[in-house]
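Chains as they are written, first to last, in the working numbering: chain A, 1 to 236; chain S, 1001 to 1236.
No lab work stands behind these hints, which were simulated from the structure alone.
Treat the hints with caution; some may be incorrect.
What the hints assert, rightly or not - Covered stretches of chain A, going by a simulated chain S footprint (3 or more residues, C-beta under 8 Å):
no.: 1; segment: 123-137
no.: 2; segment: 143-150
no.: 3; segment: 153-162
no.: 4; segment: 192-198
no.: 5; segment: 226-232
For glycine and all other residues, C-beta sits at the position ideal for the given N, C-alpha and C.
Number of protein chains: 2
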Amino acid sequence: MEPLSIIPLLGIPEVREGDDLGELIARAAWTAGTPLHDGDCLVVTQKVVSKAEGRIVPLDHGDPGAKRALVEAESVRILRRRGDLVISETTHGFVCANAGIDLSNVEDGTAALLPVDADRSARRIRDALRGVEKVDVGVIVSDTFGRAWRHGLTDVAIGVAGIAAVLDLRGTADARGRALQVTEVAVADEIAAAAELVMGKSSGVAVAIVRGLDPAWFREASVRELVRRPQDDLFR
Amino acid sequence: MEPLSIIPLLGIPEVREGDDLGELIARAAWTAGTPLHDGDCLVVTQKVVSKAEGRIVPLDHGDPGAKRALVEAESVRILRRRGDLVISETTHGFVCANAGIDLSNVEDGTAALLPVDADRSARRIRDALRGVEKVDVGVIVSDTFGRAWRHGLTDVAIGVAGIAAVLDLRGTADARGRALQVTEVAVADEIAAAAELVMGKSSGVAVAIVRGLDPAWFREASVRELVRRPQDDLFR
């Protein structure tokens, strides 16, 4: 297999509601001297997607009641509370802290909500790049979530377009010709995690180019592949 | 920031008990024309570590009772059962399916247990490479675990040496100078996930070189940074 490259894309300007992210990304990639290739996968953080889509709402950061009401409005089910922390299931089916509402890197007195449909957000970027740049890329919208059982946060996929979310290896053999035990690999989450390594939480890099992924992984897909239904979940 | 490269290391021979993994890795890297550099991070899959350390035990794959007894012997607490699947807390504090016991890519009639102390396994590889190759690298031992709430599996760290497991960003400011909301990043899990992208479940690539990580992340560390204590866990 070839090496994989993960390239932070610098030079995306401050994003505002209505901005065309595909166009901003294409321009930044040209300016940086790393034009996009067919078969690249872009990872775009939720923050800039939410800004472009106008998912910024007023919120007094010092008012716990207002924050709680906003988290509840974005949730279909509260799983746990501890102090200020709420773990809930969002309207999308994601389980995360505070319904994915983000208070960092936004204007004072505001909060960023998750995109309404981040598969659609990813598809819009993918389609823009196909139209403007004639380049065929996968797109993943990523966000930073905690996990049960393990400390620390990792980036995961909250929307995908043109790239598998889960790779189904059922029917594949191991190196000894026996059926594989590990059969479903969350590649979109692994790609999002890999991209986070070049983004940094304080440097404000919002987009990474992942180059060299297996071409077989590029297909129509949805983040719903990654969402475990509550009735199938042993921990809800 | 510079691009990150993730290089699959081909040419590791079939590993046997007592093999010196550091030496096998150094030789494969030279043969492949990708000698190791200071500041590289190696990701080594649990399977070859368990083989080198003799953590292969006899197990009749067709005998569910024998498998169940082995899982229980490797666990300190059973969290959930569904059919054949057991989610348990291992003696190391990891929560995973079947106590991390692996039936793929092993000899018929055997199973691979997790290393007793994969921090020590990682340190042994790191020390061997310092001694033989005079090269200073981080080492992560990885395994493939499922998650609550999300479908599909991802690779995570089960042992680390010379590289942070969790990056503590408390006290760091966001791009607007305010305290970051996301403060603890599970970088070792993200590096393990990134490496999995070039390994493939059926191709038998057991080691990847991750090149270009932030030098500030290289320090003494333990996978215990990633293990959430049961009393701090909202889902146990």
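So, going through the hints one by one against the coordinates:
1. 123-137: Since three or more residues must qualify, the claim that chain S covers the segment 123-137 of chain A is violated, with 0 doing so at under 8 Å.
2. 143-150: Contact hint for the segment 143-150 of chain A vs chain S: holds, 5 residues under 8 Å.
3. 153-162: Coverage by chain S holds here, the residue count being 4 at a Cβ distance below 8 Å.
4. 192-198: holds (count 5)
5. 226-232: With 3 residues close enough to chain S, the hint holds.
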